[in-house]
Structure formats: structure tokens, C-alpha cells
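Chains as they are written, first to last, in this note's numbering: chain D, 33 to 278; chain G, 92 to 337; chain W, 15 to 93; chain S, 93 to 306.
Careful: at least some of the hints might be erroneous.
20 Å max Cα-Cα, derived EDC-like pairs, lysine to aspartate or glutamate [as the list claims (entries may be wrong)]:
| hint | chain 1 | residue 1 | chain 2 | residue 2 |
| --- | --- | --- | --- | --- |
| 1 | D | 44 | S | 105 |
| 2 | G | 124 | S | 202 |
| 3 | D | 39 | S | 202 |
| 4 | D | 117 | S | 202 |
To give an idea of the chain S side of the interface with chain G (calculated C-beta under 8 Å), a few residues [unchecked claim]:
| hint | residue |
| --- | --- |
| 5 | 146 |
| 6 | 148 |
| 7 | 149 |
| 8 | 168 |
| 9 | 180 |
| 10 | 258 |
| 11 | 261 |
Source of the hints: derived by calculation from the structure; they are not laboratory data.
No experiment lies behind these values; they were computed from the predicted model shown.
From the three backbone atoms N, C-alpha and C, an ideal C-beta is built for every residue, glycine too.
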Amino acid sequence: MWAFINKLRSPKWFYAISARLQPWFWAAALILIVIGSVWGLAFAPADYQQGNSFRIIYVHVPAAFLAQSIFVSMAIAGVVFMVWKIKIADMAAAMMAPLGAAMTFIALFSGAVWGVPTWGTWWMWDARLTSMLILLFLYLGVIALRGAFTSRDSASRAASVLAMVGVINIPIIKYSVDWWYTLHQPASFTITGRAAMPLEMWAPLLIMVLGFYCFFIALTLMRTRSEILRRESNKRWVRDLAGGER
Amino acid sequence: MTGTEGSVSKEVPVVFHGEPGGGLAVAFWATLKRDLVLLLRRRSEVMNPLVFFAIVITLFPIGISPDPQLLTAIAPGLLWVAALLAALLSLDSLFRADYDDGSLEQLLLTPQPLAVLALAKVAVHWLLTGLPLALMAPLLGVMLALPAGSYGVLAVSLALGSASLSLIGAIGAALTVGLSRGGVLLSLLVLPLYIPVLIFGAGAVQAAIFGDGVMAHLAILGALLALALILAPLAIAASLRISING
Amino acid sequence: MAFESFNEFIAMGGHAPYVWAAWGVTGGLLVAVVLHARAERRLLLRNLQRRVRREERLVANQGEMAGISHQTGGNRHDT
Amino acid sequence: MSLRLQAHSLACERDDRWLFRGLDLDIRAGEIVRVEGPNGSGKTTLLKILSGQLADYEGELFWDERPMREARDDFLSNLLYMGHAPGVKAALTPLENLTWYQAMAGQPQDEASRYAALDDVGLAGFEDLPAGQLSAGQQRRVALARLVLTPRPLWVLDEPFTAIDRDGVAALERRLFDHARRGGCVLVTTHHELTPCAELRRIHLGGGGLDDGN
Numbered sequence: 033m034w035a036f037i038n039k040l041r042s043p044k045w046f047y048a049i050s051a052r053l054q055p056w057f058w059a060a061a062l063i064l065i066v067i068g069s070v071w072g073l074a075f076a077p078a079d080y081q082q083g084n085s086f087r088i089i090y091v092h093v094p095a096a097f098l099a100q101s102i103f104v105s106m107a108i109a110g111v112v113f114m115v116w117k118i119k120i121a122d123m124a125a126a127m128m129a130p131l132g133a134a135m136t137f138i139a140l141f142s143g144a145v146w147g148v149p150t151w152g153t154w155w156m157w158d159a160r161l162t163s164m165l166i167l168l169f170l171y172l173g174v175i176a177l178r179g180a181f182t183s184r185d186s187a188s189r190a191a192s193v194l195a196m197v198g199v200i201n202i203p204i205i206k207y208s209v210d211w212w213y214t215l216h217q218p219a220s221f222t223i224t225g226r227a228a229m230p231l232e233m234w235a236p237l238l239i240m241v242l243g244f245y246c247f248f249i250a251l252t253l254m255r256t257r258s259e260i261l262r263r264e265s266n267k268r269w270v271r272d273l274a275g276g277e278r
Numbered sequence: 092m093t094g095t096e097g098s099v100s101k102e103v104p105v106v107f108h109g110e111p112g113g114g115l116a117v118a119f120w121a122t123l124k125r126d127l128v129l130l131l132r133r134r135s136e137v138m139n140p141l142v143f144f145a146i147v148i149t150l151f152p153i154g155i156s157p158d159p160q161l162l163t164a165i166a167p168g169l170l171w172v173a174a175l176l177a178a179l180l181s182l183d184s185l186f187r188a189d190y191d192d193g194s195l196e197q198l199l200l201t202p203q204p205l206a207v208l209a210l211a212k213v214a215v216h217w218l219l220t221g222l223p224l225a226l227m228a229p230l231l232g233v234m235l236a237l238p239a240g241s242y243g244v245l246a247v248s249l250a251l252g253s254a255s256l257s258l259i260g261a262i263g264a265a266l267t268v269g270l271s272r273g274g275v276l277l278s279l280l281v282l283p284l285y286i287p288v289l290i291f292g293a294g295a296v297q298a299a300i301f302g303d304g305v306m307a308h309l310a311i312l313g314a315l316l317a318l319a320l321i322l323a324p325l326a327i328a329a330s331l332r333i334s335i336n337g
Numbered sequence: 015m016a017f018e019s020f021n022e023f024i025a026m027g028g029h030a031p032y033v034w035a036a037w038g039v040t041g042g043l044l045v046a047v048v049l050h051a052r053a054e055r056r057l058l059l060r061n062l063q064r065r066v067r068r069e070e071r072l073v074a075n076q077g078e079m080a081g082i083s084h085q086t087g088g089n090r091h092d093t
Numbered sequence: 093m094s095l096r097l098q099a100h101s102l103a104c105e106r107d108d109r110w111l112f113r114g115l116d117l118d119i120r121a122g123e124i125v126r127v128e129g130p131n132g133s134g135k136t137t138l139l140k141i142l143s144g145q146l147a148d149y150e151g152e153l154f155w156d157e158r159p160m161r162e163a164r165d166d167f168l169s170n171l172l173y174m175g176h177a178p179g180v181k182a183a184l185t186p187l188e189n190l191t192w193y194q195a196m197a198g199q200p201q202d203e204a205s206r207y208a209a210l211d212d213v214g215l216a217g218f219e220d221l222p223a224g225q226l227s228a229g230q231q232r233r234v235a236l237a238r239l240v241l242t243p244r245p246l247w248v249l250d251e252p253f254t255a256i257d258r259d260g261v262a263a264l265e266r267r268l269f270d271h272a273r274r275g276g277c278v279l280v281t282t283h284h285e286l287t288p289c290a291e292l293r294r295i296h297l298g299g300g301g302l303d304d305g306n
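Let the hints inform the model, and build the full structure from the sequences given.
What follows is the structure, encoded as C-alpha cells:
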């Protein structure tokens, strides 16, 4: 564990190891997402209540999962950066934020589109959609705060603190929004609220979720490598690398 | 210019100090008192949020409808949202003056824990913003045709909730104090985190109108305040240290 | 297979606009994110190479100048 | 207990630029250390690190031969720091400003000593005026009154001569040398030339450079 943390201090080591890991995650992401998409779109049975509009679940739920997971990952990276002063963690956190915002947007958009055949309206103050909207604001806050500082060191620290504060608040927000929703609309049903789903329905969902996670890891590795090049461009080994890849 | 200037007795040797003993309470009260005096000398800064609160509440009947029934329905949320925005208004200046004149550095360099001293500053913000807003809210409630019997709950919920708002908001203020244009960013960072307080605060007033039990809401507001009291000062202290790094 | 024919698949039992809009936006965004990451990486590498080449030229030039005028106290970088 | 502030191979990197590297310091009682260097060479940053405000540096700091992390509270209760900004509240009177500082230093509240301190820096008669109505030099003097009010062995002063008139500069210089002679220690940055003497030491900060390491 400690050896690993110490290795993480070296961007050079990370650059090398991520180059080897990256293709596997890209391949896994591609395969899983293709299988999940074909299965979910063409082979999974239609929902007896919602018909084929239910197939939106295969993008909505993975995106919503990832949106929350990425925020938690960002906060964990923030802790790692603040406690052990590992710059790689902060670089990764900086690269995760836009993807997290994109995933939150996908979850919101697909949820809104799903709302048309289900509730007959583009927007419903559904508990899940409302928390997703708040999560989007939290993401925008972290991104804006990081962009507002002129000093990168301060930006990193401030974004880390905000991510930690946000991650403590996410469950509180989620529970209070759920509570608020049940208070105001006790009768209506949530789009993904049912537990009992046959295997043919949730197996592709599981595959899609896994595929999205692999996509997130692969993209974060790739963009963190780019960020290393950006931030360490004064270092000798980066210079040699650029010279070598001519 | 006096003739005695610089006449230091040369016999007295420099005194060393041991570990600081007490003094925390003294420093806490001194900071509290200093900030109270400072704000009371610039009374317009204390008045501004209150006037803002009143004006916003006036805008709604004009913008929507003077119908008392409609106003009764939206009054709890309206009063809470307006009070929340009014409290946000004065938040930006919470650490700004100290940052500009250098007393923030001095605050950081006392042997006393920074979190406790920051708490003193937040307490002043609540005493001169949150508490007056809570006391003023029933008056505006009359103008929004709030049913009798909910006035006490409105004031208590605002008093409890605005303390949490001050604590959470101070984190944002501490993060943005080093930025020249932190005001808008501050609202972006802080407002999503205000949502749980808003839900239970407005919920309490609504419950009072419907004659439901109010204690549950107030208890949750109290729990949120307790959590904020424990965690927020630490985040504020960490954020101030980041901001002072510039 | 949940559908009898390809046309039925496209029609999605009347829910086509919704299903395909959600999937389309998701797919489009994923692809865009990947393309952006690739473009970002290429641009960074190109800029880095340009900078390295420029500095090499600079060092080479200064080396020549030092050789001609036999100066040693120049502001040469020993990279 | 002895006054000794040490730094081993201190380095500070700001946004991929080294402000200084491999800086070794050993500051003892009875010394006046003047930190010199061109603008942007990290003088203020060094003072902030040495006064425990900045934590993002490499290398080690020792106070009283203990690592700074352990000795921090003890260090802070022996330190008097004055930054670029004087830390004087414009809406408060000089007397009220000092009241706060006295409380923050953990000293007993004592009005007579506050009057004496203001008297000493030439502010007699201005005690009850809001500091905002005083001149910039007088506001700086309010801050300087802390040197008299709060006896601390280690002074870290960032540009303390700013905005002060010639008599005031001479008096402040006397005060610094006097403090060193009494076994105190002064760490100072200034554009003003200090009169050379036995206690005075200089630290020169140059520019950083391209990093060749990993």
C-alpha cells in the first residue's frame, strides 16, 4: 500500500503504467457497451407498462451511476492530494470533473426525454431528476472554482476542499429531496423505481453500467496523461519523450 | 512626533513563552466583539439584507397576484427563499475586509485553533443577518397572508436554518475570498448546498399551516445545524489557509 | 429478439423519437468526449515537440556563437 | 528553550517555477536577518513559510531544534508577524485595534500598556480616532505598536518601513537593533538600506530555473 502510494508520487511512473493499462480499459469499455447496447435495444423484452420507452434505462441509469461515482472519486482524489500531496490525484480529479458533468447531463437529458411517454411532460420534479440537477450545479461549481484561481496550486486545493464538502452533502441532499418528493407527490411513481426486474432486463443494464465504468477509467487515464504533459512540460523526461515521439 | 519615540529600556531581556495555556475563550470573545463593533459601526451593511428581504417579498404579489389564497400557498417557500438569498447577499464580505487589510493573516498566526476563531466570525454573521431576518420574517408573513399559528414556527425555523446557512456559506466565502470577483461564484458554490436546509425549513412552515407535527422538521434542522457546527469550521479553516496562499 | 422486423425495431413501438433521442445524445456525447481527449493529447504533444525543437535550435545557435567569439561567460543553458 | 529557527534544503515551487531551492538557514538569537532579492524572487513567500503560514514547501523547518510540525503552537506563541498589509481595521480606533491584538496574543487586557505602546510609536493624541482617519504612515505605526505591546522574541516583518517618515524609520531601525541586542531575533525584508552592524546578516534570493529532475 505504502509502496504504491510512493510510486504514485512520480508522474513518470504513472505515465508509463497508465500507457499499459489504458488499451485494456478501452477494449473492455467498447466490448461491454456494444454488447449491452445490442442486448438492451434489440433483445431485452419490452416493459409491460412502459413499452419500448423503457429502453432508455440502459443509458439513463449507467450515466446516473457514473455521475455520482465520479463525484465521489473526485472527493477521494482530493483527500489523497491534500493528505499525501500526490499531484497525480489532483490531475485526475481535474480531468474527471467535465466528464462527471457530461454524465449528469446525459442522465438529466435521458430522464427528461423518458418523461414524455411516461408522464406526458418534458420535465417533472421527480426525486431522481431533481437530485441530478443539483449534482450538475455542484459539478459546475467545482469546475468554476478551479477555473477562477490564477495559481494552479490554490485552484487544486480549493477544488479538493469543495469536492469533499460536496460529497458530504450529496447523501444529505439526496435524502432530503427524496423526502420532499414523497411529501409533495405521494401518488405518482418514479421511472426506475421498481425492484423486481427479470434477468433479461437487468443483465444488459449491468453490462452497460460496467461498460460505462470502464469508459470512465480509460478516459480518465488518457486525459490524466495529457494533463501530466501539460503540467510537467518543464521536466526533463517529458522533453525526452517529446523528442522521442517525433 | 514625540521625543520619547523608540526609547526602549535596554536592560530587559527578551521573554520566551511556553506552550499557550488558555486564552482561546478570550480570543474567541475578542474576535466576536471586534466584528460586532465593526458591523454596528457600518449599520447600512446590517440593514441592506433586511431591506432586500422586504423588497423581494414585495415583488412577488406584484409579479404573481395579490390573491390571498394563492399567496398563502406559496408564502412558506417564498419567505424562505427570499431570506436565504438575503443572507447570501452579505456573505461575500464575511472575510473580504479581513483579507484586504491583513488581519486575516494575523488570525491565521495566533496559536489558537483557526476553526474556533472562524466560528466567532460566522456567529457574528448569524447574529446580525440570520437572526434579524428570522425576527423580521413574521412581519412579511402578514403581508403574504400567512395563516395565524405558523408565525412562531417561521421565525424559529429561520433562526435555526440560517445558522446552518451561515456556516455552509462561510465555506464558500472562505474559498472565494482571494478571488477579485468571487461574488457570483460564491452563490454558485453555496446555493446547491443550501437545498436540504431550504427543504426542511420551508417544510416546517408548511407543516405548521396544515397543522401537522412541526417538531420533526425542527429536529432535522437542528441535526443539520449540529452537523454543520462540527464540520463546517474545519472546512472554513482549511479554505482560509488555501486562500491566504493566494 | 424483441422485435419482428428491422422496421419495428426502428419504430420502437411508437416510442422511437424518445428512445433514439436519448441513445443518440448519449452516444454522441461519449464519442465527442473521446475525440476531444484525442485532439487534446495530439495538440499537447505537437506543442511540446515544437518547444523542444526551438530550444535545441537556440542551444545550437548559442553554441556556435560561443565557438566563434571564444566566449565562456554566456547565458547558456546546460539542458 | 532557545531561540533558533532552522531550515534544511528549503524549496518552494509555485506553479512549476522554483522560487528558491536548497535554501539552508540557521537563525539564532541576537540576529537581524535581511532577506534580499529582486521583485518576484520569493521574499514574501519565504517569510510566509518561515512564519508558518504556507505549508506547500519542500524541505524541513525546525524551531528550537524540534520539527516545526511538533513545535508549531510553541513557535506561534513566540512569533510576531507583520505582513504587507498592516492588519489595522479602519473603522476601529488604534486603541481598539490593539485590544484585539492583545486578546489574540493571550495577554491580559491592560489599557495602560496599550496607551504606552501607542505613545511609544508617536501616536499619542490619536488613540481614540478611527484608524481610517489616520494617514498611511500612522496606520503603519498602529501596527508597529504591536512590537511594543506584545513582547515576542521572533519578529518577522515584511516591508515594515513602508509609508513611514524619516524619523520613524530611524526609530524603527533602532528598535530592531535594540531587539536583537536584547536577545531577540528579527527577520525582515525591506527596500530601505539598514545601517550595517555586527548583528545584521543578509540572505540573497535569486531567480529560479528550469527543473532537470523528475
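Against the structure, the hints:
The straight-line distance between the Cα atoms of residue 44 of chain D and residue 105 of chain S is roughly 18 Å, inside the 20 Å bound, and the hint therefore holds. Among the hinted pairs, residue 124 of chain G with residue 202 of chain S is consistent with the structure: their alpha-carbon atoms are about 17 Å apart, no more than 20 Å. Between residue 39 of chain D and residue 202 of chain S the alpha-carbon distance is near 56 Å, which puts this suggested pair outside the 20 Å criterion. Restraint check for residue 117 of chain D and residue 202 of chain S: the C-alpha separation of about 44 Å exceeds 20 Å, so the hint is violated.
The interface hint given for residue 146 of chain S holds, since its Cβ lies 6 Å from the closest Cβ of chain G, which is under the 8 Å cut-off. For residue 148 of chain S, the shortest C-beta to C-beta distance to chain G is roughly 7 Å, which falls under 8 Å, so the interface hint holds. The restraint placing residue 149 of chain S at the interface with chain G is violated, with a minimum CB-CB distance near 11 Å, outside the 8 Å limit. Given hint, residue 168 of chain S at the interface with chain G, holds; its Cβ is 4 Å from that chain's nearest Cβ, closer than 8 Å.
Against a cut-off of 8 Å between C-beta atoms, the interface hint on residue 180 of chain S holds, since the closest Cβ of chain G lies about 7 Å away. For residue 258 of chain S, the suggested interface contact is broken, since its CB lies about 11 Å from the closest CB of chain G, more than 8 Å. Hint status for residue 261 of chain S: violated, given a least beta-carbon distance of 11 Å to chain G, over 8 Å.
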